[in-house]
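Engineer: Model the full assembly from the supplied sequences, consistent with the hints where possible.
If you're matching positions, the sequence shown starts at 1 in this note's numbering and goes up one per residue.
Since the hints were made in silico from the structure, they are not lab data. Wrong hints could be hidden among the right ones.
[To be verified] FRET-style restraints, in silico, Cβ to Cβ:
1) Arg56 with Thr22: 18 to 24 Å
2) Pro8 with Lys53: 35 to 41 Å
3) Asp21 with Arg56: 17 to 23 Å
4) Lys68 with Arg20: 32 to 38 Å
5) Arg30 with Gln5: 28 to 34 Å
6) Ser66 with Arg20: 33 to 39 Å
7) Ser35 with Ser7: 20 to 26 Å
8) Gly51 with Ser7: 38 to 44 Å
9) Thr9 with Pro54: 27 to 33 Å
10) Gln5 with Thr28: 37 to 43 Å
11) Lys68 with Asp34: 15 to 21 Å
12) Asn48 with Gln6: 36 to 42 Å
13) Val59 with Val10: 17 to 23 Å
As the structure is a prediction and not an experimental result, all values here were calculated from the model. Note that beta-carbon positions come from the ideal geometry of N, C-alpha and C, so glycine has one too.
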Amino acid sequence: MLGQQQSPTVLLGTALVHVRDTVGGCQTIRALIDSASQISAITTACCNRLGLKPSRWTVPVTGLSSQKIPDV
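Structural biologist: Encoded structure:
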């Protein structure tokens, strides 16, 4: 309809990937596939499952046209 602005929906793919943990075991985790992303991150729960030590860092996240995304 003319004059109405709709929010576009973006679907991102996911994949089940096999990752080795710190003791050499294989863990299956679900990964979000975003080919336009400039960073890679995992959840604290995933760190714990893999036996990794999580580290905190802060990075501003922006969307299209530099639109700020609220902190999570």
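Engineer: Determine for every hint whether it applies to the structure shown.
Structural biologist: Cross-check of the supplied hints:
Look at arginine 56 against threonine 22: about 19 Å separates their beta carbons, and that is inside 18 to 24 Å. Taken as a hint, the range 35 to 41 Å holds for the pair proline 8 and lysine 53, whose Cβ atoms sit roughly 38 Å apart. Taking the beta carbon of each, aspartate 21 and arginine 56 are about 21 Å apart, inside 17 to 23 Å as hinted. As the Cβ distance of lysine 68 to arginine 20 is approximately 37 Å, the hint placing it in 32 to 38 Å holds.
Under the hint 28 to 34 Å, the C-beta atoms of arginine 30 and glutamine 5, about 33 Å apart, fit the expected range. At about 37 Å, the CB distance of serine 66 to arginine 20 agrees with the hint of 33 to 39 Å. Against the hinted window of 20 to 26 Å, the Cβ-Cβ separation of serine 35 and serine 7 comes to about 21 Å, which satisfies the hint. Restraint check, glycine 51 to serine 7: a C-beta distance of roughly 40 Å satisfies the suggested window 38 to 44 Å.
At roughly 31 Å, the beta carbons of threonine 9 and proline 54 sit within the given window of 27 to 33 Å. Distance hint for glutamine 5 and threonine 28: a CB-CB separation of about 41 Å, consistent with the stated range 37 to 43 Å. In this structure, lysine 68 and aspartate 34 meet the distance hint of 15 to 21 Å, their C-beta atoms being roughly 18 Å apart. Distance hint for asparagine 48 and glutamine 6: a CB-CB separation of about 40 Å, consistent with the stated range 36 to 42 Å.
With their beta carbons about 20 Å apart, valine 59 and valine 10 fall inside the hinted range of 17 to 23 Å.
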